[in-house]
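Using the hints, put the two standalone chains together into the complex.
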Amino acid sequence: MDYSRPDLADRLAAAYVAGTLRGPARRRFENLLPAHPTLRAAVRAWQDRLMPLTAGVTPVPPPPQVWQRIEARLGGATAAAAQRLPWWARLAFWRGFAALASVATVSLALLLATPGPVQPPIVVVLNATAPGGEGGVIPASFVASISGDGRAVVTKPLMNVALGQDRVLELWAAAGRNPPRSLGLISAQGATVVRRAQLPAGTDHLAVSLEPPGGSPTGAPTGPVLAVGSL
Amino acid sequence: MPAATNWTERSRELARLLARAGLGDRAAFATLYERTSAHLFAVILRIQKDRAQAEDILQEVYVNVWRSAQSFDAAQSQPLTWLTSIARNRAIDSLRRAQAQPQIQAAPTSGGDDEQDADVYEQVADDGDGPMELLSRAADARALARCMQDLSAAQRQSVALAFFDGLSHAEVAEQMRQPLGTVKSWVRRALLALKGCLEAAVQRDAQGSA
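From first to last, the protein sequence lines are chains A and B. Going by our numbering, the letters in the first sequence line up with residues 1 to 231, in that order. Going by our numbering, the letters in the second sequence line up with residues 232 to 441, in that order.
Because the hints were derived from the structure by calculation, they are not lab data. Treat the hints with care, as some may be off.
What the hints assert, rightly or not - Straight line, CA to CA, 20 Å or less: simulated SDA-like cross-link-like pairs of lysine to any residue:
1) B:415 to A:26
2) B:280 to B:402
3) B:426 to A:44
4) B:280 to A:6
5) B:280 to A:45
6) B:280 to A:64
7) B:426 to B:308
8) B:426 to A:45
9) B:415 to B:402
10) B:426 to A:6
11) B:426 to A:47
12) B:426 to A:58
13) B:280 to A:58
One chain only, chain B, in its complex shape (with noise of 0.2 Å):
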């Protein structure tokens, strides 16, 4: 499957299917699961590494989409955003305190202002399917993209280790071997550069089909 596959595209025939099975309709229910469990999976997988566990919080989140299908409301949310939010909410809940330690990647130790340490970053978070690596893959949300982009790395990188993987703060600051405090500013500001910049995307969208 392309990862690149439009968001909302997939979502308008999932709305039926959806919708079928809230009404009781098993068949309905089992195409909805073949069209979206190996999405669910892998985003549960980032976030609890345990396949076991993943396969159970998969399981516990299908049953409860299958018993709330019916509360689901085709007009105020797109069903993989519904359904993913439900995958994560459950993977985030499984993690225990006692959590296995991430990964350290080598990370610079030098401090200092987000933007001076754009490269090194960029560097560091460049293997594979790392969290930087999927930031870029979601190119497909093109306003989502450019957003990202308008991002210091280093903000890039905190919220895509805390989303991604789920890190706590605590967690991606030992990851990023930076202060708790730089860590939870910059996830924050980040959210809310993110937030600001969709909105004027929307609008200019808004704007251009007027």
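Isolated chain A, as found in the complex (with noise of 0.2 Å):
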């Protein structure tokens, strides 16, 4: 069957997602899904169309002790980090980054490996500044998470950034009133690593400017101020 075939991907993401498609055919559509774009955007149209359903559904708060049994299976906070793969090592799994994330989780796993104790990350969330498109400005927001040696800094986009083609994304640290400094490039579509990053002594915010191509020319941000976010 030639499931790139439109409608044909179509009846079975709707019967998928419905739940009425079940047992090995089931089974045999999941497998299909990986290798299948033309599938798996019609399973998330589908489920964009059909969960909204369930919100009328009451509430069934779960016993205390489903909680304690997924904290137990993930282990306690410093047990998490040996069981799990820490953070860095998994930028390799993050989209359209492979390469980029591969060379730096090998300089990251070297940079990581010698000292003893490793300090959790630092999660910021930069918030649009604009997040109603106020003013013509871009509503774009990030999470950033700065490793605990404050020398890798990783940003992902929070939704869908709209940015025209002779534009780009620069990511910016400050320390109270001094002038930002530039941290590099980011992405808008997905995980950015920037490595080498010198966080300022004290910095207490990050922001996320537009820029033209290459970036800030005069080593400061000249577009518009996306989004901001404290430490």
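See the structure below:
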């Protein structure tokens, strides 16, 4: 069967999401998903259509032991770090950045293999300055993770950023009222690993600005600031 | 919690928690669990009625979410949609063929065309937390509710039984006392009609705001 045929993809996806596709047919369909973008897109569209129907279901709080069992499965805060691949090692899986990320993984692994205790990363949410596109500013928000030693920053957009062809995003770190320092350009689509990030001492916020290709020509933000987050 | 909390609104705050969880923030994950577990548990329980099994599924779902939070793409899907889909998939997978018989409601045996049966199905389905009741409560998504109204009562009932209670075509047919083929085509036509209606609504919105 040709699963890239949109009508067939749509019919199967509808039955899959509605739950009427069962048994071996359901498993076959699930096995096809990774290799068929048309099917995946159709499934996503049907999930968007149908899942809001569950909004009317009266919530049933699960018994507390369920959370206890989940926590036990994930291990304690320290055990978790050992059990689960640390966040920087998993960068390799970040969509669209496989190559860059593997390089970063190796170098970061080397970087971090030496010192003893690993500090947990600091996670910062950079909120859009114009969530509704006020004043013609592009709505954009990000999440950034700063490694415990402050030497690497990973950013990831939280929404679809409608970036023009001739514009790029630049990440800045600033301490108090001091002029911000550029940490480099970041992607509007997927995760960006900013290594060698020298965060200025006392950095208390991160920001993302809109810049011409190649980044700010002046060393200071020239375009509008799209998103800001405090540490 | 009000049943009709806006889906998109709830999803927006959850996107942050999920992104933080993806970067290893356990506290954010705990908050995510706090805010979503009762919804997911309810969705699972409707499909998998065995409480112990439903609890196991819920546990699996969140362990899975913690491990794959990283791959969640906020630009592509809404968190609540993503989470609910994972929960539903697990619940459906847990159903064995030798599932307990669904409770048989008194349904009309006189077959016939969709529209004629409308009133009878409305009556049958209108008790408490029945699938039909749930459909009408999803009124939060107004476009969806309006589109649902366009379906015949039989189509609505068949989709609701399959979707909320995880019944297979055969089980829906048994419960509604209708031939399997009829039920299959009701479900399929209902989904297609829903899709067309929702797409039209989206287009109207786009034109309205342009």
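Taking the hints in turn, this is what the structure says about them:
{"no.": "1", "hint": "B:415 to A:26", "in the structure": "16 Å, holds"}
{"no.": "2", "hint": "B:280 to B:402", "in the structure": "15 Å, holds"}
{"no.": "3", "hint": "B:426 to A:44", "in the structure": "13 Å, holds"}
{"no.": "4", "hint": "B:280 to A:6", "in the structure": "35 Å, violated"}
{"no.": "5", "hint": "B:280 to A:45", "in the structure": "28 Å, violated"}
{"no.": "6", "hint": "B:280 to A:64", "in the structure": "19 Å, holds"}
{"no.": "7", "hint": "B:426 to B:308", "in the structure": "18 Å, holds"}
{"no.": "8", "hint": "B:426 to A:45", "in the structure": "10 Å, holds"}
{"no.": "9", "hint": "B:415 to B:402", "in the structure": "11 Å, holds"}
{"no.": "10", "hint": "B:426 to A:6", "in the structure": "14 Å, holds"}
{"no.": "11", "hint": "B:426 to A:47", "in the structure": "11 Å, holds"}
{"no.": "12", "hint": "B:426 to A:58", "in the structure": "25 Å, violated"}
{"no.": "13", "hint": "B:280 to A:58", "in the structure": "15 Å, holds"}
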